[in-house]
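Number of protein chains: 2
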Amino acid sequence: MTEPTPRRTPAGAAVLREDVTEAIRDAVFEELAAVGFARMSIEGIARRAGVGKTAVYRRWKSKLSLVLDLVGAFAAQGVPVPATGSLDGDVRALLEMASYALRHPIASQVIPDLLVEAARQPEIADAIRAALLDGQQGVMARIVREAVARGELPEDTDPAEALDLVVGPLYWRLVVVRTPLPEGYVDRLARAAVAALRA
Amino acid sequence: MTEPTPRRTPAGAAVLREDVTEAIRDAVFEELAAVGFARMSIEGIARRAGVGKTAVYRRWKSKLSLVLDLVGAFAAQGVPVPATGSLDGDVRALLEMASYALRHPIASQVIPDLLVEAARQPEIADAIRAALLDGQQGVMARIVREAVARGELPEDTDPAEALDLVVGPLYWRLVVVRTPLPEGYVDRLARAAVAALRA
Numbered sequence: 001m002t003e004p005t006p007r008r009t010p011a012g013a014a015v016l017r018e019d020v021t022e023a024i025r026d027a028v029f030e031e032l033a034a035v036g037f038a039r040m041s042i043e044g045i046a047r048r049a050g051v052g053k054t055a056v057y058r059r060w061k062s063k064l065s066l067v068l069d070l071v072g073a074f075a076a077q078g079v080p081v082p083a084t085g086s087l088d089g090d091v092r093a094l095l096e097m098a099s100y101a102l103r104h105p106i107a108s109q110v111i112p113d114l115l116v117e118a119a120r121q122p123e124i125a126d127a128i129r130a131a132l133l134d135g136q137q138g139v140m141a142r143i144v145r146e147a148v149a150r151g152e153l154p155e156d157t158d159p160a161e162a163l164d165l166v167v168g169p170l171y172w173r174l175v176v177v178r179t180p181l182p183e184g185y186v187d188r189l190a191r192a193a194v195a196a197l198r199a
Numbered sequence: 001m002t003e004p005t006p007r008r009t010p011a012g013a014a015v016l017r018e019d020v021t022e023a024i025r026d027a028v029f030e031e032l033a034a035v036g037f038a039r040m041s042i043e044g045i046a047r048r049a050g051v052g053k054t055a056v057y058r059r060w061k062s063k064l065s066l067v068l069d070l071v072g073a074f075a076a077q078g079v080p081v082p083a084t085g086s087l088d089g090d091v092r093a094l095l096e097m098a099s100y101a102l103r104h105p106i107a108s109q110v111i112p113d114l115l116v117e118a119a120r121q122p123e124i125a126d127a128i129r130a131a132l133l134d135g136q137q138g139v140m141a142r143i144v145r146e147a148v149a150r151g152e153l154p155e156d157t158d159p160a161e162a163l164d165l166v167v168g169p170l171y172w173r174l175v176v177v178r179t180p181l182p183e184g185y186v187d188r189l190a191r192a193a194v195a196a197l198r199a
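Residue numbers (UniProt numbering), protein chains in the order written: chain A, 1 to 199; chain B, 1 to 199.
With the rest of the complex left out, here is chain A (with noise of 0.2 Å):
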């Protein structure tokens, strides 16, 4: 059996199985928006790739695999680490790549989305562990290490918990409260995240 034609008129057949690949992880992403990982199915991915279900299958066991891919494939964008040499300028750094990364649709609703799955289904609870924590929890503890070696913070400083007093309060607004960022907001946040993480 040949492989369904995507939308996308392809120059080969490498580029036609490619193009279908990209075609169906367009899809996911879209009706992940639109209906939910619940409510999502490989009948409605593949209608809207614009392929045959076989195609999907092909490359993916189940829609749960799917949505890993695409998460995983966010993860691995990796979180830079900034090395601004103090810990307000770190800080303000992390936050600023935080709310760039929480604007994105894969963390303000497809991670929550699978957050609540990951209640019910703990291969997610993993996935979203590597994708969204792993990443952050490593920039902090290097942050949090360079500024202990400056004697900014003091030597049992926990990297989790100031994880949670930098990035915390910045979730909560985006993906929780929902409201735009006032004004200056970051900068007043990172003021705050120091005062906190010295405290």
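One thing to keep in mind: the hints can contain errors.
You can't tell identical chains apart in this list, so a pair holds if it fits in one copy or across any two.
[Stated by the list, open to error] Straight line, CA to CA, 20 Å or less: simulated SDA-like cross-link-like pairs of lysine to any residue: (1) K61 with G151; (2) K63 with A38; (3) K61 with A46; (4) K61 with A118; (5) K61 with V79; (6) K53 with Q137; (7) K63 with R39.
Just so you know, the hints here were simulated from the structure itself, not pulled from any lab data.
Got chain A sorted already, so can you dock chain B onto it with the hints?
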């Protein structure tokens, strides 16, 4: 047509009606935990409650109105306003209450589920705002007002940003990271949050 028989045996018709209502409310709660909002159906609720679908539709027009009713009841419990006489004490008391409330399944599972739906259904966004935010924002506004009056906070302290700093880290830890609170966590967070508020 008579009311379908609920699982418990009631003493009379009035009791019967209330029992059915309660059985349906319990069933909604259990269904939300088991399958989530998107997959939940009136059929499933009726089956779990041991009543007919008509018994549900006689009381609520849709699964949305059923869930909004449940969230509304949670919100109506209200958030007591701490009045300890100091900013430290009030923040500590608010965090104690929030850490209790955020561990309730309505806050840790049902509301995040509905937050995801809220992006697609504005009615849900309004109900969550009322259930999760209005109460806490009101309490925080009062804590800030009294702290300003005592000279503990600057006059231009924004209550919404204050709430981000106090509740955000706890929400992130309990609802996103989902690891148990380490010993002394609420105390450390209260101290850090007060330092953040004063920064």
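Within, between, both or neither: K61, A118 at alpha-carbon 20 Å: Within one copy, since 19 Å is at most 20 Å while 30 Å is not.
Intra/inter-copy verdict for K61 and V79 if alpha-carbon distance must be at most 20 Å: neither (29 Å within a copy, 46 Å between copies)
Intra- versus inter-subunit Cα pairing at 20 Å for K61 with A46: Intra 13 Å, inter 33 Å, cutoff 20 Å: intra-copy only.
Homomeric proximity label, K53 with Q137: Cα distance no greater than 20 Å: Cα proximity of K53 and Q137: none, with 38 Å in one copy and 48 Å across.
Intra- versus inter-subunit Cα pairing at 20 Å for K61 with G151: Neither way: K61 and G151 sit 51 Å apart in one copy and 62 Å across, limit 20 Å.
Up to 20 Å CA-CA - A38 versus K63, copy category: Classified as both; 10 Å inside a copy, 16 Å across copies.
Identical-chain pair category, K63 with R39, by Cα at 20 Å: So K63 and R39 pass the 20 Å test inside a copy (11 Å) and across (15 Å) alike.
Of the numbered hints given earlier, the model fails hints 1, 5 and 6; all others are met.
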